[in-house]
Amino acid sequence: MKAWLTALIALLCSGLALALGAAMLALPEFAVRLPGQVAANLDASGVAHPVTAVLLNFRGYDTLLEVAVLLLALLGVFALSRHASDHAHPAAPAHPVLQTLARLLAPLMVLVAGYLLWIGAYAPGGAFQAGAVLAAAGVLLRLAGLLPAWAQPGRLLRGGLALGLLVFLAVAVAGLPQGELLHYPPALASPLILLVEAGLTLSIGLTLAGLYLASAGWRQ
Amino acid sequence: MSDPWLPALVVLSSLLPGLIIFFLAESRIRLRTTLNLTGALVKLGFIGVMLWGVQNGREYVFRHTVLPGLDLVLHADALALLFVSLSAVLWLFTTLYAIGYLEGAPNRSRFFGFFSLCVTATVGVAMAGNLFTFFLFYELLTLATYPLVVHRGTDKALRAGHVYLAYTLAGGALLLIGTVWLYGLAGQVDFVHGGSLSALPPEAAGQLQLIFLLLIAGLGVKAALVPLHGWLPMAMVAPAPVSALLHAVAVVKAGAFGIVRVVYEVYGIEFAQSLALLLPLAIAASITIIWGSLRALFQDDLKKRLAYSTVSQVSYIVLGVALFGPLGTMGGLVHLVHQGIMKITLFFCAGNYAETLGIHKVSEMDGVGRRMPWTTLAFSLGALGMIGVPPLAGFVSKWYLGVGALEAGMPWVLAVLAASSLLNAAYFLPILHRAWFKPASGSWPDEKIPQRGRWETAPLLLIPPLATAAATLATGLFAGAAFSPLSWAELIAVREYLAWIP
Amino acid sequence: MSAALLYALAGAALFAIGLAGLLLQPHLLRKILAFNILGSGVFLILVGLGQRDGTIDPVPQAMVLTGIVVAIAATALALALARQLLDLTGQMRLPEDRPDAEPADD
Amino acid sequence: MTPALAFDLLLIAALLWSAARALITADVFRAVVLFIVFGLLMALAWARLGAPDIALAEAAIGAGLTGALLLDAVGHLRAKWRGPER
Amino acid sequence: MTDFLDPLPWLIMLPLAWGTLAFVLGPGRGGRLAVAAIALQGALALQLAGQLIDSGARVYAVGGWGAPLGIDLMADGLAAVMLLLTQAVALPLAVYARGYFAASPKGRELFWPFTGFLLAALNALFLSADLFNIYVTLELLGLAAVGLVAIAGGRQPVTAAMRYLFATLLGSGAWLLGVALIYGTYGSVSLAVLTPLIHAGAPLAVTLAAALMLAGLLLKTALFPFHFWLPPAHGGAPAPVSALLSALVIKATFYLALRLWLELFAPLTTVAAAQLLGVLGAAAILWGSVLALTQSRLKMLVAYSTVAQVGYLFLLFPLATLVPPGTADSALAGGVMQAVAHGLAKAAMFAATGSMIVATGRDDISRLGGVGARLPLTLFSFGLAGVTLMGLPPSGGFSAKWLLLGSALESGQWWWVVVMIVGGLLTAAYVFKVLRRAFLPRAAGDRVARVPRTLEFSAFALALASILLGLFGAPLLELLAVGREA
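Residue numbers (the numbering used here), protein chains in the order written: chain A, 1 to 220; chain B, 221 to 722; chain C, 723 to 828; chain D, 829 to 914; chain E, 915 to 1400.
Source of the hints: derived by calculation from the structure; they are not laboratory data.
Since we're looking at a predicted model, the values are computed, not measured.
For glycine and all other residues, C-beta sits at the position ideal for the given N, C-alpha and C.
Incorrect hints may appear among the rest.
Example chain A residues on the side facing chain C (calculated, C-beta under 8 Å, incomplete) [said to hold, decoys possible]:
no., residue
1, Ala10
2, Cys13
3, Ala17
4, Leu20
5, Met24
6, Leu34
7, Val38
8, Val51
9, Val54
10, Arg59
11, Thr63
12, Ser81
13, Leu211
Using the sequences and the hints given, assemble the complete structure.
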């Protein structure tokens, strides 16, 4: 790359940063304020933790699409690993201490995930964090050589990956006769959100783990 | 059958067979021929009905709104019918001729498909009721004729097709700009007698002159006005029936006819005169007439000579349009028909010479009159008509053009006509002399169809030129009869323009 | 100036760093890092500006959670592509040659 | 300068430093490690912004899982070792 | 509004559902399901369009919360037109893809799930009235598109996908930064809340946000000079994918740019900025066409043609900015008509191209001889699509050109007329470059195989639609006007 082009881009980027900074220091008062509205509607949302309320109720539609994005990324990884030269790659032998550690930690991590899922209704936590912990368990097991790589998921695994999104979709349209898309009747909001989160935890855990396991399958 | 549908049916009667023919297998000759001829005859039938109706003052208008302020209009008025009848009749003959000409050749389904589309476009051009509709069919004509020009697939054909497309698409673009500009200025411009632009405020005059230039330049490409004529001689590589159609009815005539419409029914001849647009047009036409004739003199290739002759002859129509007065109008309009009949005869004959004996050049024609007397007779009638020998068709046109020039106060046009007629004689008479009076030089270049009894060549190749040659004679002899091209042109001039001409 | 605004300003700087890296670094892995840094900068701006008056705002926080998941999705896909490219070309950078000059794969 | 502000400034400086280093370090492996450090620092920043949810997610996903993916890719790259490292 | 069969939410849920189900069903499965579902989506889009014509634009509050707390969807005429286009293009292409992947199975395993998500993203994007939600739809769209490009594997497609991924991620990054600045300024991301708040004297942050978001969209729309990623991506993917991407995906980001320009950021627009967009559009037209002419691979030619045709879309900005209302309306109508016409025609063209490549076994313009004789319908479809791209009547492309030319002349910006006319002639040059070759007889040693009937007929249906649009475009413009009276 030519030096002057590098300099130009660096200059432009610094300029952009400065402009952004200047703009941020000259902001007017907010015209709309949402924290108050979130708090006011928290009771009707079915959960007590504001972030979870936004994530799964007020802006639950974003989350629905986001879960699709996640699944889509995994599909992309599958599509690519399909063309990789070596598919079935046996788990690499790992240190016995690591294996033992993984055997012990993995069930514990599943427990933690369950706790995070449940606590999400009241405090920081929820499906994404829980799913991430599940995925971490998967990565750990893989590193310990206890899980095979999956370039070609079977039907059961595909079902598990899709379950969260399908449950979410079903709950989203189930409310249509009574109201809009993703409308939870206030009485049922809590259990419905828990149902959605449970499905999501499983699928997000599987998907995040899959992002690792599917690509780890074609190391040479 | 309600009146609005008749114009649409005339268009469909060749469009539908054409589309079906595209997808016919190469071997379905009988079905293809049936479709072609049925389409041609049905079209003639519809036109007959409309001819009778228009004679009795009926209107046939089909209108469909494409976008707000943009209508597709097919309007069968007297002027449209003049051109439609010519195309339909000549299409029938050309189809017969093409069936004979292409017997056994490859890709005939494609050929006849585009051939039908080409006639569809011509008929649409004739009946277009406004500039947009005209433009639509004008461009369709370009697209439908391109595959015909390159039909043989040789390098020469492809090159000619290239040039043809470059000229016509560029011309179409100019026409489009002019049309859009005019619509923006004056709203939807339907073709109405006497034009509709004179109502615009006088400040618009400059713009209108510019638009006129764009429109005429766009149309002049197909009408082969010098210096926009370069594609026409090159397009000669097409098969003979295509050249016949291109020169007699379809492409060049579409351009000339468009100029008629623009001058008479968009601007109005009075208004065009007041904008000082007619004199430049007449000068451009005169230059083309002389230039085309001069170039024709020096062509040894028979079809090229005919092509330059077309360049020259089509501008007679433009010249007639530019003459401010009813007699000039009649001369121009009647030449639209007469030139078509004469030129198609000549091209049929040229095709016969090439197809039967392999003759492509004038210098190879010595003594051909004895080998192919009927073809040469037809050729002679066409050529003499072109020169303007009475009582043939060409004489009638030239007579009215001359008288019209005097009426319009442009006597210099007489000189142009005289010079051009002399040049016509100079490039046609030597051919006739060679054909009839020189002895044959032994063997023919490439004799393909042997003489069989009374038939000097395949019957399907012989009948069409004889029929059109007879028409050359008849339209001249019986120019005064009802429904003759001349009396129809008179009807148009009287009914449509005279009311506006002082 | 609130602490939140301070972090937003840091976010602007991170965005610029990430953008420069994305545009200038030829190595794909580093481009992917740069994209993640750029994204983190945007997230900081989103929450930082949203909370510039000192109140905790759960709405941008939820948006950032969504954004983080989207970012890892994109990162995983990008890494898979980069590895595939490594397998196919032996390089972890975008080839400079004109793509249409290559022979078709079919 | 309050201790809180000092901490914030220090944290921001560390963020910018780790980000910049991650992009210009010659060795890819070190770059990835620096990026993981960056992710953990981001988690701290989120905690400072009163966003524990994001802090959790950033630590688990942003630093942890992304880090694992990146390290795996570096391993792949090293195993391949056909093209130039940088 | 609480109708279970309300078409609006189903247009988004349905493709998400069948995309996911197709994945669960297994590699390569789900084609029949997709065709049926897309047909249903088409019916839903028609129903929605009918509702809009009868009772005007509608707002839909997801979850019942309403903006600014919740997310609103909004359907007006413009959105409905794009929805109709999407389903109308997708249905024949789905039929086409079934035949295509039967004949050329490379990449068929995950085609249907990707396509389902892609269509969901498109429909969701067209209907969204929330800046952050649009970000999520953009990411869904971008990742689905990148996945589709990479689906067949191979060096060239994977390189293209990588490049495309960085471009689309950078684009959505810029968009998200803009969203962050807007939220930081006003405290909301709802279009309905923001539109009345933004006026000519808006803070610097808003101007910056507008510039960033627009730049991100231009990058994703592949407007010159951001077009570098498009030709390899569209030219390297399997034919049904190229068709989807060229016909729909770039239209989605164009649609957003148009929305922002005409609605949210309308008070900030200037003639200079509009002229700049027009200049970029003009450069795209000329550069894309010239490069299309120089290609030797058929698919690359068609892909460069997309670069050029995108340019026409951006001519609408100078023609619709700070000009009399009538002129702006006809420019908008022309621009949207161009988007629709190009969508149909380019889908047809890529579909026909795919058939030709399947038949000849190679992607090479100089080896097309014999295609005209063996695949007349396919070549005819290519020609009809070419007519639309050239802007010859009667076609949707002509209607678009007519409207754009009219507003250019009305507003005295004759220089765009020159650009459009020259662009049309260049288009003719590259279209006829292909047609001319295909008319020639087959060269010795080349083979031209038959292709399944569904390939020929689905391409023809698309091409015919692009022509008929020119004859029956008036209802589309009527629909487009819904919600634009203000």
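Here is how each hint holds up against the structure:
no. : hint   : verdict
1   : Ala10  : holds (6 Å)
2   : Cys13  : holds (4 Å)
3   : Ala17  : holds (4 Å)
4   : Leu20  : holds (4 Å)
5   : Met24  : holds (5 Å)
6   : Leu34  : holds (5 Å)
7   : Val38  : holds (5 Å)
8   : Val51  : holds (5 Å)
9   : Val54  : holds (4 Å)
10  : Arg59  : holds (6 Å)
11  : Thr63  : holds (6 Å)
12  : Ser81  : holds (7 Å)
13  : Leu211 : holds (4 Å)
Of the hints listed earlier, there is not a single one the structure fails to meet.
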